[in-house]
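Dock the two chains into a complex; use the hints.
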Amino acid sequence: MDADAVYQTPTVEEIASILPAKFASVKVTKTETRRVYATVPREDIFAVCTYIHDNLTFEHCTTLLGVDYVDHMSVVYHLSNYYNGVMIELVVDVPVDDLHVESVTSIWEGANWHERETWELFGIVFDNHPKLERLLTPKTYEFFPFRKSYKLRGSE
Amino acid sequence: MSDSIVPVKEIEEKMDTDKMWVIMGPQHPFSHGLWTLKVQLDGEIVTDAEPIVGYLHRGWEKETESREYPKIIPMADRLCYCASMTYTHLYCMTVEKALGIDIPEKAKYIRMVADEVCRIQSHLMWLAAVGTDLGSYTVFLWSMREREFFLDLNVKLCGARMTTNYPRIGGVRNDTTELFDRDILRAVDRFEKALWDIIALIDDSSIFVSRMKGISFINRETAANIGLTGPAMRGCGVDFDIRRDDPYDNYDKVDFEVPVLKAGDSYSRYMIRIEEMFQSCEIIRQGVAKIKALGKNAPYRVKTPSKVPAGTAFARLEDPRGESLMYLVADGTDRPYRLKVRSPIFTNVSSARLQSVGVRIADVPAVLAQIDMCLGETDR
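Here the protein sequences come in this chain order: A and B.
The first sequence begins at 1 in the working numbering and counts up one residue at a time.
The second sequence begins at 1 in the working numbering and counts up one residue at a time.
DMTMM-like mimics (lysine to aspartate or glutamate), calculated; alpha carbons at most 25 Å apart, straight line:
| no. | chain 1 | residue 1 | chain 2 | residue 2 |
| --- | --- | --- | --- | --- |
| 1 | A | 139 | B | 61 |
| 2 | B | 253 | A | 32 |
| 3 | B | 62 | A | 93 |
| 4 | B | 292 | B | 102 |
| 5 | A | 27 | A | 13 |
| 6 | B | 62 | A | 89 |
| 7 | A | 131 | B | 221 |
| 8 | B | 253 | B | 275 |
| 9 | A | 148 | B | 68 |
| 10 | A | 148 | B | 331 |
| 11 | A | 148 | B | 65 |
| 12 | B | 97 | A | 93 |
| 13 | B | 262 | B | 221 |
| 14 | B | 14 | B | 42 |
If you're looking for bench data, these hints aren't it; they were derived computationally from the structure.
Pulled out of the complex, with its shape left as it was, chain B reads as follows (with noise of 0.2 Å):
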């Protein structure tokens, strides 16, 4: 006000507050597992982040050198229990690439199709990760709800829900069961309705809204710098898909669509995950076409040697949070000599700064939680 005796506002401008560290985790609502987030504060807003991991690490790229190769198949599925077939899918792969061969048609449809269906549950999980993290409880029971129905098709496919243990090197361990085409079929038009009711809840609520739109922006050429990958990159802008771009097994032969938004900021990265799991479910009805095409005694497992020729050999492959990457060194033993995983989300949350600095502390969460934290993968 310009007549008060006092300047209130020249006051504002010189005054000099105090930065607060405010320490958020290791066991934190937000934090969706062990992994602790400092925030410096000026009031509200944040003005620095770092993220602090490594309470999970178990080593485990050097308990794999101990192992034989097919031991490891079980421990790929440990890295993350959110979507555990990609990394069993990832691993076998790199271990095919460095034999040298070549896996049946089906085995490599049954896999997509594998792999897709673990994209939704995680995708489902990040989801109801989100919910409660902008305070609806609705949207976390829905989602939970609805991943149930995948994870039932997991039973179906190989007889465990999270940790199936089902690719093999060269193939899958069984061919699918009967009568899983019809169940996949029936639970992917369904979910395709149920999640329309999910995206009203969100997108009618203006909670969630103004918590998302237009906060913690991210500009292209920031995020593939940074080494952002998956829907958090095409989010801000990044046209790129492992699965279209640079295609493994069967990703060529269907036809889908990579969503990316330019807008960059935590609302679009939500979108394209709620675009990329109606994507997976047009992804699943043609490979369950195709399976269904190369009849039932069609092979789907192809006889591997236990040794592996020494070299070397890396595969990627699109996870449902980015791009992972197995680096494999043999040594002619049935054992590697060295096996590195790339995590997406490993580099994905050394960006917490980048992503986190400008927005409220309340906001925090809301924005962190696209990056669909998984601390198995990260730490490893």
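Chain A on its own, in the form it takes in the complex (with noise of 0.2 Å):
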């Protein structure tokens, strides 16, 4: 397997087995039909994207999205391929106190809303983000309110 060629296709084993091979930090978890599911550090997750876009074809980046695990945060990634229909799954995980991640808005242009949006809910803040303003929230709002730590009026 060439790392550094270029593959329009790349079935879900091809996925599996080049990803660790080019970058050693990247885990993948798990495998199914037509998805690959992997978690990547934080560091790291621009290079991969940047890998994931020009070498394996995965032109669309259909959502990014936070949650909440109270002991940490976590960005997911939700990409895929127009070719044969394959997805990937990143996991990223980040520290409560120091939430930053690299933005893939400059791979892909549609991860920008999602980036603001995530950001605005969960207050994790995208590194080199062309225009990380609230979108969906009031400008006024000084809370990400779908933090664990945000109680919505009677669920106690």
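Given below as structure tokens:
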């Protein structure tokens, strides 16, 4: 397997073997039909995404979302290939005391609003994002409503 | 003119006009819901645009975290009023994936047929909106008239017109009712003829065609990169449909075509939706035949546990407007820990700048009608 070649229709097995070969820090946790699940450390996410976009031809960032696990937060990326319908799920864990992730908007323009949404709802800062402003919630909000520490009225 | 004393052309080139911001919305006839499009104008040409959404943000995802799994089904209906069944279907699919269960064949076919009925409803709603945006009230009335027959099918299937509350985790709520297959085939046959009338009304109208053809060109790479999905993307030449390329339920067992046009303008995005309605009719015919072949007593629902084991799962499907995805984090209780909805319009509308820069202000409604706004799912 040549890790630097460009694959237009990489299969699940190819992705599962290429990604850890190219980046030692990437761990493929699970594979299914047309699905690859992997975890990536925070420092490598931009390089991994660039590689997935350029060499594995994943042209589309379906979504990007945050999850608050209280002891840490996660950013989950869903990336899709338009030639064979394969999807990659990348999970990046972010420590609560340093909520910073590199933005992937420069790779996929479609991730722009998803990153803004994740920032305003969870407070995860995406470095080098072109316009990290509140989108859905009012601009006057100074809290992050989707965190577990934010309780809905009557939910206790 | 060369013999003019005043060099008009040179002056015009040097003339520096002020650019003006025009705020369209949130209550504007073109917006079809509460959202704002700020456009910067240089004369009549749009030079910059910024969509503003969020007026309807009601914290849908946060709300689900305090409800049991079955109670989220009616909430999922309210995400999109035009194609409510697709979101309920998607939610049930996600929970089934997390549970690791397989649902009966019959339920898969019923969901598929119901989805396609929803797709036709949604596309007709869009066609009505395009009609009014481009100044033809007849298109609006005819589309709404046709849509009524499909809403009647919803009533026959589950008793409700729009927010159906029909799919269940593990299947569907009830079997197809008596004579449903006869009625749906009648409706589809009738609709295919009636749709040609509407097409003739639009395609023979030079106003419609001249305001859509050659306007707002997007190439394939940009469309994929900016996150356009659904008919808007296929109108730009991306040959991808989740129903065909990443099949869920029983879409791999029916035969249909995915329309793709390479022109990339507003008109081709319109053509894709029209063609999709014909293909939906085809899928409905095959699906109804398969439901009939399975017999009357085939199971349509399996019992599912109320608690979902800890873990994550996601599912995606082809919404009438594009690719929608739900991501579920379960923690072993009877309520989701986190449920995320990826709405196609949310990403499509973020490309409003790309779509509208360079077009005339009068064509902005015609261009943005092609993304088929629905605010319930955009703002969630």
